[in-house]
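Protein chains in written order, with the numbering used here: chain A, 1 to 111; chain B, 1 to 117.
If you are wondering where the hints come from, they were derived from the structure by calculation, not from laboratory data.
From a predicted model like this one, the values you see are computed outputs, not experimental measurements.
C-beta atoms are modelled at their ideal positions from N, C-alpha and C, and glycine is treated no differently.
Some hints here could point you the wrong way.
What the hints assert, rightly or not - Partial pick of chain A residues on the chain B-facing surface, computed with a CB cut under 10 Å:
1. Y33
2. G42
3. Y48
4. K70
5. T81
6. L99
7. F101
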Amino acid sequence: GEDVEQSLFLSVREGDSSVINCTYTDSSSTYLYWYKQEPGAGLQLLTYIFSNMDMKQDQRLTVLLNKKDKHLSLRIADTQTGDSAIYFCAESLSGYSTLTFGKGTMLLVSP
Amino acid sequence: NAGVMQNPRHLVRRRGQEARLRCSPMKGHSHVYWYRQLPEEGLKFMVYLQKENIIDESGMPKERFSAEFPKEGPSILRIQQVVRGDSAAYFCASSPPVQEGDGEKLFFGSGTQLSVL
Chain A
1 GEDVEQSLFL SVREGDSSVI NCTYTDSSST YLYWYKQEPG AGLQLLTYIF
51 SNMDMKQDQR LTVLLNKKDK HLSLRIADTQ TGDSAIYFCA ESLSGYSTLT
101 FGKGTMLLVS P
Chain B
1 NAGVMQNPRH LVRRRGQEAR LRCSPMKGHS HVYWYRQLPE EGLKFMVYLQ
51 KENIIDESGM PKERFSAEFP KEGPSILRIQ QVVRGDSAAY FCASSPPVQE
101 GDGEKLFFGS GTQLSVL
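Input sequences plus hints: build the corresponding full structure.
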């Protein structure tokens, strides 16, 4: 079955790097996603990675995928207070298949 | 190009009443998804629709819940005879046609917070 696990909370200081971790169980997962949810808002797609990739970088964001261990991480460099939000990891099989979300990691960035 | 529009933002109903949640997808998107978020939980898939068709409703409760996406107008998620356990945030998402080799990109609305008294 599908299950996505995340740590619930992470606190960092402004300027530090943040690393949010996620594990998944479905080895058939084709795409893995990171979404950001700010208070009172919907989810915003940050980035996604195809399962045949190990790493993807997009400005301050770096996604690392260890397919053997079914482990996904999101690194935010030079974390800002505006990065404070809940970050959701999600997986899908392919194409139009539905996404399975983790419960989210609350990131708190202090000045 | 407006994003995914959901209304109302907040909906209060008494037990036994009906709740109707609306979602207008982004322009050019023909796929709509409904997800439910319970407190301190991730989003749970409910239903996936294309125009006039339900593609996957495996996440919908068997009773009281229904969804439609008519040829004209928004997608509607309808909950009949609401109970307190239906209180949650309901998110709609839409997506464009998926390009080969590309991931599924869902664009979410801001959600409707349903409170059942």
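Numbered hints the structure breaks, given as an ascending list: Of the numbered hints, 4, 5 do not hold.
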